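2 protein chains.
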Amino acid sequence: MSDLHELDLVRWIATRAPEVGDDCAVLACEPWGDLLVTTDSVIDGVHLHWSEHGPDAFGYKAVARNLSDIAAMGGEPLWAVIAAVLPRGATRAEAEALYKGAERAGCRLVGGDTSFGPTAMVNATVLGRAPERGTVLRSGARPGDAILVTGSFGRSLPTGHHATFTPRLTEAAALLATGGLGAMIDVSDGLSTDLWHILEASGHGARLEAAAIPRRDNATLEEALNDGEDYELLATVLSPTGRTDGDVSWPAGFTRIGTITDGPGAVVVDGHGNERALVRGGFEHRA
Amino acid sequence: MSDLHELDLVRWIATRAPEVGDDCAVLACEPWGDLLVTTDSVIDGVHLHWSEHGPDAFGYKAVARNLSDIAAMGGEPLWAVIAAVLPRGATRAEAEALYKGAERAGCRLVGGDTSFGPTAMVNATVLGRAPERGTVLRSGARPGDAILVTGSFGRSLPTGHHATFTPRLTEAAALLATGGLGAMIDVSDGLSTDLWHILEASGHGARLEAAAIPRRDNATLEEALNDGEDYELLATVLSPTGRTDGDVSWPAGFTRIGTITDGPGAVVVDGHGNERALVRGGFEHRA
Chain A
1 MSDLHELDLV RWIATRAPEV GDDCAVLACE PWGDLLVTTD SVIDGVHLHW
51 SEHGPDAFGY KAVARNLSDI AAMGGEPLWA VIAAVLPRGA TRAEAEALYK
101 GAERAGCRLV GGDTSFGPTA MVNATVLGRA PERGTVLRSG ARPGDAILVT
151 GSFGRSLPTG HHATFTPRLT EAAALLATGG LGAMIDVSDG LSTDLWHILE
201 ASGHGARLEA AAIPRRDNAT LEEALNDGED YELLATVLSP TGRTDGDVSW
251 PAGFTRIGTI TDGPGAVVVD GHGNERALVR GGFEHRA
Chain B
1001 MSDLHELDLV RWIATRAPEV GDDCAVLACE PWGDLLVTTD SVIDGVHLHW
1051 SEHGPDAFGY KAVARNLSDI AAMGGEPLWA VIAAVLPRGA TRAEAEALYK
1101 GAERAGCRLV GGDTSFGPTA MVNATVLGRA PERGTVLRSG ARPGDAILVT
1151 GSFGRSLPTG HHATFTPRLT EAAALLATGG LGAMIDVSDG LSTDLWHILE
1201 ASGHGARLEA AAIPRRDNAT LEEALNDGED YELLATVLSP TGRTDGDVSW
1251 PAGFTRIGTI TDGPGAVVVD GHGNERALVR GGFEHRA
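Line by line, the protein sequences are chains A and B. With the first letter of the first sequence counted as 1, position 215 gets the number 215 in the numbering used here; the numbers rise by one all the way through. So the numbering used here is basically just the index in the second sequence, starting at one, shifted up by 1000.
Be a bit skeptical, because a hint or two may be false.
Claimed, not checked - Computed beta-carbon distance windows for the label pairs:
1) B:Glu1030 to A:Ala173: 34 to 44 Å
2) B:Trp1032 to A:Ala173: 21 to 31 Å
3) A:Glu132 to B:Asp1217: 54 to 64 Å
4) A:His49 to B:Thr1164: 29 to 39 Å
Stated by the list, open to error - Which chain B residues stay away from chain A? Per the calculated CB distances, all over 12 Å, these:
5) His1053
6) Ser1115
7) Thr1178
8) Trp1196
9) Glu1209
10) Asn1274
Hint data in this document are derived by calculation from the structure and do not stem from the laboratory. These figures come from a predicted structure and were not determined experimentally. Built from N, CA and C at the ideal position, the CB exists for glycine as well.
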């Protein structure tokens, strides 16, 4: 096994460039605003299969993954550039299908670089603008915040969801508009791991209700918490019970799955009131 | 052979997005300015060899190719993001060498995505700002303009120049500051092909002096004109003889190799006054 972990590398880059953000780099272009930049690759045999999913899915997923990152920062996507590596012998129709798939994800395509290589691969970089009140950060969670999610979790790979998901831009904008948003992240590494990203950044804990977590395709609780590639939003917002100036509700499309606690630590509570500690990628069993 | 040609694809994308520029996309972020965006990949076995050149060269070349594009538009590079695909089993030291190579190219690294795959590959996207007077375009050549180049041409692959070149940002800025710049492009496809990009965009012709073309490593004239991967600048500027308001000279680092003509057509003239027609990637022989 390699000694190399992506999270470590991202932190290493971040120590060298303060612009590195949670899901996107945040680049000051005042007075225009803060430019968001995010980049992701889709590789044959790793994220999709060229012979099974086809070039359209490669273009679509490469852009959609980035749009999910922009949504998590509360941003507005503006432009996408694509660098495609096509298998040798690829046809013009396949190349066009790839670029049309990229466009279909819903961001204006303004540039493309096309090469041929031994492995099909599409890299997309998406540029967007941060919300005027500032980007939404993982560190913004507050004790008492409701923990909300879009969609459902688990079994993304066997159901094909990972190749066809719709980035949650509309939902993110609606939640941002409520004014109660604390932290937000897109769930790509798995619900438990991405919740921990918020907890570590904010210094707080969480209490999840097992029965409240929406599961895709009859996923088990473990699959819902840990499978990953869900590309849903995980957000914390001011809770109705945590405010004195009246109720706050959340827009359509969100489900409450728990509450931010003073912490530290995260637990999942079942219908019988039994608690289990939640760690990255799984459970620790305890009384 | 595939029916797919990169130039065709770039044109196809350009018909769908007017922001697609010559070497970069040009994105209006007023009042901040025009944002330049360019993306390029370096693939193992295509542009470099991982086992021979090493991860540092992959990072360096991926960013440097983009900086050469930014230079050709007269722009100022600001930020780079990297998407690296490492061969399985790559070490942390190799990943860091790759990112340090990217930094060494001279642009601020603000984001990175790291994956593992069957083929090593680095994609870099560089963001910059266009000059206040507007980007330098290929279409700006005028009859009578002197044709200038930086550096020398040919045999870039056997000499290793293609992996170690210095992007011509300083030279581009100095030429821009003269106020006489017409068209500019970076020479990656070969001097003859990239000159034709200027001639087609401007609707004019060219007369090159064979003896004036600087050659790398005793390259033949054919190699200098057609090898490619030189990453030098090819520019047209107001000529001293083409102006009535006094002489214009050009900054250090540029060599004059010919003159823009009314056209159409391009010729190369040897020391005996013999002309040969210059086409993309080679000569057509004529009297």
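Unsatisfied constraints (hint numbers, rising)
The structure breaks hints 1, 6; every other hint is satisfied.
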